Every structure is written in structure tokens, then in C-alpha cells.
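Participant: Sequence:
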Amino acid sequence: MRDPYWNHNTHYHPWLLAQLPDSARTALDVGCGDGLLARKLARHCPSVLGVDIDAPVLAAAAPAPNVTYKQADFRDLTGTFDYVTAVASLHHVPVDEGLTALRRLVAPGGTLAIVGLWSMSLRSDFGYLLRYPLVRAVDLLRHKSDPPAPLHAPEDSLDRIRRSAAELLPGATIRKRLLWRYTLLWHKPAAE
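All letters in the sequence shown, in the order written, are residues -6 to 185 by this note's numbering.
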């Protein structure tokens, strides 16, 4: 099934779906927006909760079997989930606070997958910024389209995010990706 639009976030939906454990019974999509990823997750997971703090954006979320939407700040949620995703949403909160909340929401033995943004600088990201012509070409070829949603510039460097993840999510893997994104993958120990 073809997506209704493409952008730098939806580009990583296949990666996020590939991280979904076969055994996952519950999933949480933090910052779900119009619910596109939540609906994709529900094709493979019996119960998906899509959470977004922005009421007008969430109002546009299409209903789907196995998907519940809730207007809330993810930091206030209770319970745990076998699979937790956060796409372009972690940078809307202080990184330590956000990672601590996400860690708490992942069930023992569960998986956390983040597609995030970081604050770039010429000094630390010069080589990465040289990719701009490639990113622009991809945008033009794919006809980038962003649904309405509040934007927030990232404040933390990737080094800062890596340090926080090392402390709060031991063993997490973080990779710089194309299209101004990084991915973070963490498996919570079953004994935790």
C-alpha cells in the first residue's frame, strides 16, 4: 500500500517496521501526528496506542482497527509497551527527560526505536552537511510533503544525545542517517 505522502520521517517507516519484534503484542507511537505509522504498526501488532500532544494534528488521525489515539504528553503516560517508537518527537523535550520517560514505557524485553533530529553545527557536522545537494535531490524526486504539525528546532548535538543514551539506555545503537536524521535502537533487558 502506497503512503499518502513522503517526507524525511516517513522515509524511515520501513526501518521502524523492521525493528518491530515478532512477539510484540503492544506498541506505542510517540508523537503519532496523523497516525500514519501507528496504522502501519497495527497491521503487525494487535494493540497500538498513538500519542500526540497536539490536538488539531491528532484530530486528523484516521481511525484503524487495533489503533487507539490519545492526546497526551508521553512523559505522563503509565504502563509499558513491547515496542515504542518516537519519530521526530524526542527533540521537543529535554533529552534526558525524554529518554527517561521512553525507557520507563518500554516493557522488559521490549524494543525502543527512535528516528530523531539533532542540532547541527559547521564544526561538528561539516562532513554531514556536505550531503545537502543529495538531500535536496531526493526531496525533489520524491516530492516531499509535510502534513501540518508543530515544528521545533532541535537543541541537542548528536554527541549530547549519544552521552545521554549511553547513560540512560546502555547498549543503544545510534547511527547518523541520510535526510538530517539519526536512528536509535535499544532493547530493554528482560530482567529489568
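If you're looking for bench data, these hints aren't it; they were derived computationally from the structure. Any given hint could turn out to be false.
Quick list of simulated restraints, FRET-style, between CB atoms [stated by the list, open to error]: (1) 69 with 113: 39 to 49 Å; (2) 18 with 113: 19 to 29 Å; (3) 170 with 102: 37 to 47 Å; (4) 52 with 72: 41 to 51 Å; (5) 11 with 183: 20 to 30 Å; (6) 59 with 117: 37 to 47 Å; (7) 129 with 8: 30 to 40 Å.
Nothing here was measured: the structure is a model prediction, and the numbers come from that model. Where is the CB? At the ideal position from N, CA and C, for every residue including glycine.
Participant: So which hints don't hold here, by number, going up?
Facilitator: 1, 2, 3, 4, 7
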